Amino acid sequence: MVVTCSPHIRDNASTQSIMRDVLIALVPALIASVWVFGFSALLRVIVCVIFAVGSEYLFEKACGRPITISDYSAAVTGVLLAYNLPPELPLWMAAFGSIVAIVAVKQLFGGIGHNFANPAITARIVLLISFAGPMTTWVIPDTVSGATPLGLIAAGELEKLPPVTSMFLGTIGGCLGETSALALLLGFAYLLYRKVITWHIPVFFVGTVFVLTALAGYNPVYQVLAGGLLLGAIFMATDYSTSPLTVKGQIIYAIGCGFITFMIRIFGNYPEGVSFSILLMNIIAPHITNLTLNKPLGGVSK
Amino acid sequence: MSIKRLSGAHVPHYKNTASCAPVRMPAPAKVTIPMGMHIGAPCTPVVKVGDLVKVGQVIGEAAGFVSVPVHASVSGKVTALTEIQVANGSFAKAVVIESDGEQAVSETVVPPVVETYEQFTAALRASGLVGLGGAGFPTTVKFSVKDPSKVEYLLINGAECEPYITSDTRTMVDDADHIVKGAMTIRKFLGVKNIAIVIEDNKPEAIEIFRKKTADIEGFTVEAMPSLYPQGGEKVLIHNVTGRDVPEGKLPLDVGCIVINCTSLAFISKYLETGMPLVEKCITVDGSAVANPQNVIAPIGTALSDIFAFCGGYKAEPKKILLGGPMMGIAVPDDSVPLLKNNNAILAFAEKEASLPATTACIKCGRCAAACPAGLMPMQIERAYKLKNVDELNRLKVMLCMECGCCSFVCPAKRELVLVNKLSKGMVRAAMPPKK
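Here the protein sequences come in this chain order: F and P. For the first sequence, my numbering gives the first residue as 1, with consecutive numbering after it. For the second sequence, my numbering gives the first residue as 1, with consecutive numbering after it.
Quick caveat, the hints were computed from the structure, so don't treat them as lab data. Bear in mind the structure is a predicted one, so any value in this text is a computation, not a measurement. Be aware that one or more of the hints could be misleading.
Claimed, not checked - Footprint (simulated), chain F over chain P, 3 or more residues, beta carbon under 8 Å:
#	stretch
1	320–329
2	371–377
As the list claims (entries may be wrong) - A partial selection of chain P residues facing chain F, derived with a Cβ cut-off under 7 Å:
#	residue
3	V241
4	T242
5	E248
6	A350
7	E351
8	A354
9	T359
10	C362
11	C365
12	F409
13	P412
14	R415
15	E416
16	L419
Said to hold, decoys possible - Derived pair list, reagent style EDC-like, types lysine to aspartate or glutamate, alpha-carbon separation capped at 16 Å:
#	chain 1	residue 1	chain 2	residue 2
17	P	K181	P	D245
18	F	K295	P	E83
19	P	K352	F	D11
20	P	K425	P	E248
21	P	K181	P	D216
22	F	K295	P	E248
Think of the CB as a built atom: it goes at the ideal place given N, C-alpha and C, for glycine as much as any other residue.
Make the full structure from the sequences, and use the hints.
What follows is the structure, given as structure tokens:
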């Protein structure tokens with residue numbers, strides 16, 4: 001006879017089913033990426049996933065820990081890292097980034113749920129600092145190699161900006177998974193429908209950038225559609241283990257992400273600030289949780 | 001004023017036996033009646049081995065204010081005074097009675113004279129009634145109110161939010177008149193103005209019946225609530241109906257509410273009519289290992305194995321047996337344990353339902369906190385428990401956990417959060433300064 005603590009029934013959702021949903025939500029952006037950048041985009045995604053999953057397997061094997069690759073979280077990290085890379089980045093750099101994400105950022109801190117920083121974001125920053133050139137060499141579809149919309153805005157060459165429709169569909173320069181707002185929003189809708197995430201972080205993150213850039217005299221629509229804002233706000237800032245656990249905390253965190261993104265984009269040396277803003281807010285996320293604990297029913301302070 | 005309803009979990013309903021009118025099983029050959037079936041001091045046995053007893057006769061005297069007597073549920077001979085391990089792990093004295101099959105009723109079973117409030121609470125004590133919703137709190141204590149004018153709401157709990165269980169549903173459908181009459185009796189003695197029966201919307205038949213029966217009664221409302229577990233939790237119910245929150249360390253009475261289970265209320269009416277104390281219980285018998293799931297009326301103290309046998313026995317080898325529903329029920333080590341006053345279901349699961357999925361690492365998704373009706377943060381409590389940090393456990397208000405099971409139910413990593421909360425509460429209690 002089995003004797004266990006109640007409850008004796010459990011919901012069907014599992015870590016695996018949640019991560020599977022995230023992968024499904026990333027499919028529209030993959031399709032858009034292949035359509036815009038061609039086979040090279042797909043190849044980078046495949047390399048990143050193989051090295052992410054492979055390094056998780058080998059690391060856990062070497063440490064004698066239970067193998068967790070079947071929860072798909074390493075695959076999600078691989079896809080997200082690939083989406084944050086330029087479409088023609090040398091493959092070995094992409095592979096190196098995946099290993100950094102899984103081994104240095106995730107596994108060394110204890111594996112899934114224990115990392116304090118988003119693995120894909122951190123690996124992207126490592127690559128950006130290590131290989132500044134290749135990480136900022138963009139391929140512009142149908143035109144010559146040149147700058148991204150954010151690069152053009154930073155350089156003040158507003159007349160060269162692509163039309164808003166191109167930016168919405170994704171036929172612009174940028175990282176391979178970030179350019180199509182339409183595809184990312186489809187993924188967002190799916191995540192909301194499946195209740196994987198709530199709307200708070202993406203809406204407050206993007207909303208903050210929209211409002212602040214508008215107040216600063218920039219075209220807020222371009223600011224929202226350009227760069228990695230949608231990808232970051234929907235898929236990276238909402239990472240469970242690196243964002244606050246309370247709704248109030250998530251709102252504060254998202255506004256913080258938006259504010260830092262705005263500061264870097266408008267006043268910083270880098271044209272793009274989404275990755276840095278998420279990483280910085282990741283670091284203080286546990287403190288935000290701690291300061292915004294839910295109020296228990298009937299709880300009285302003593 | 002609109003009330004923001006509390007969180008919960010969308011648990012499956014499995015109300016397979018909702019249409020099964022209860023069947024009274026014949027007296028078993030033997031019953032084992034524990035002396036502690038309520039919260040509070042266990043009873044003192046007042047029978048000896050060899051005594052002949054009849055149905056309704058007192059066999060255990062109440063031993064304190066928070067205690068009610070225990071009665072013989074079969075007629076026959078006392079064959080042993082023993083000690084058994086009850087579901088919470090503690091040991092309790094028990095009286096074993098061998099049934100003579102006659103079910104002769106004791107001469108002491110006569111309708112009580114109830115004209116004053118004191119006589120009413122005395123009758124409740126004599127009836128042996130404990131909260132039939134599951135908690136087992138002596139009902140007489142609940143109604144021993146110093147100032148009846150403070151009672152603004154009588155809330156009748158017909159939510160029955162646990163999966164599988166339909167015994168309250170049957171009471172509401174088959175015995176609605178006794179529920180209404182019981183409420184009127186309480187109104188007579190306490191003068192309570194607002195009466196509401198709270199029913200989850202997955203029981204439309206019961207809702208319909210009570211809308212009809214209470215339409216002409218002033219201040220008697222039917223609250224159809226969404227089927228969101230744990231709608232029937234006492235504090236949840238009070239919040240969702242009145243918008244009031246029972247403060248930490250206080251009772252429903254402190255916010256002007258008394259909550260009573262619908263079957264308890266029907267029992268009060270019947271007791272006042274007949275004087276037959278609480279000696280039998282309608283329970284839902286279900287689960288994948290049971291041949292004929294149904295609602296059964298069984299004598300208190302009947303071994304679960306006898307009740308399952310009455311329901312056609314096991315159709316698969318039982319691997320887990322529960323006293324109560326799957327969300328809060330207690331798994332018992334074998335089917336020889338007796339039926340208690342506050343049981344409302346016994347479930348037997350075969351292999352598949354008995355085994356739980358493996359636990360994996362917490363991914364900090366926050367679902368446990370989002371589902372917690374008490375607004376707690378189970379993932380934080382688990383961390384504090386691992387660090388043995390009692391101050392942090394107190395800051396996280398772990399003592400407010402009602403152990404409803406929503407957190408463990410929704411957890412995608414299948415963590416045993418309720419277990420950790422229970423252990424944490426024990427850790428906090430152990431660290432409390434001893435009462436002087």
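Hints and how they fare:
1. 320–329: It holds, with 7 qualifying residues against the three required.
2. 371–377: Satisfied; 6 residues make the cut.
3. V241: 14 Å, violated
4. T242: 13 Å, violated
5. E248: 5 Å, holds
6. A350: 11 Å, violated
7. E351: With a closest approach of 9 Å, the P:E351 hint is violated.
8. A354: 5 Å, holds
9. T359: 10 Å, violated
10. C362: 5 Å, holds
11. C365: 5 Å, holds
12. F409: 5 Å, holds
13. P412: 5 Å, holds
14. R415: At 10 Å from the nearest chain F Cβ, P:R415 fails the 7 Å test, so the hint is violated.
15. E416: The hint holds - P:E416 has a Cβ within 7 Å of chain F, the shortest such distance being about 6 Å.
16. L419: Holds. Min distance 4 Å.
17. P:K181 - P:D245: The hint is violated at about 28 Å.
18. F:K295 - P:E83: Answer violated: F:K295 to P:E83 is near 44 Å, above 16 Å.
19. P:K352 - F:D11: 15 Å, holds
20. P:K425 - P:E248: Holds, at about 14 Å.
21. P:K181 - P:D216: 13 Å, holds
22. F:K295 - P:E248: Between F:K295 and P:E248 the Cα gap is close to 12 Å, so the pair holds against 16 Å.
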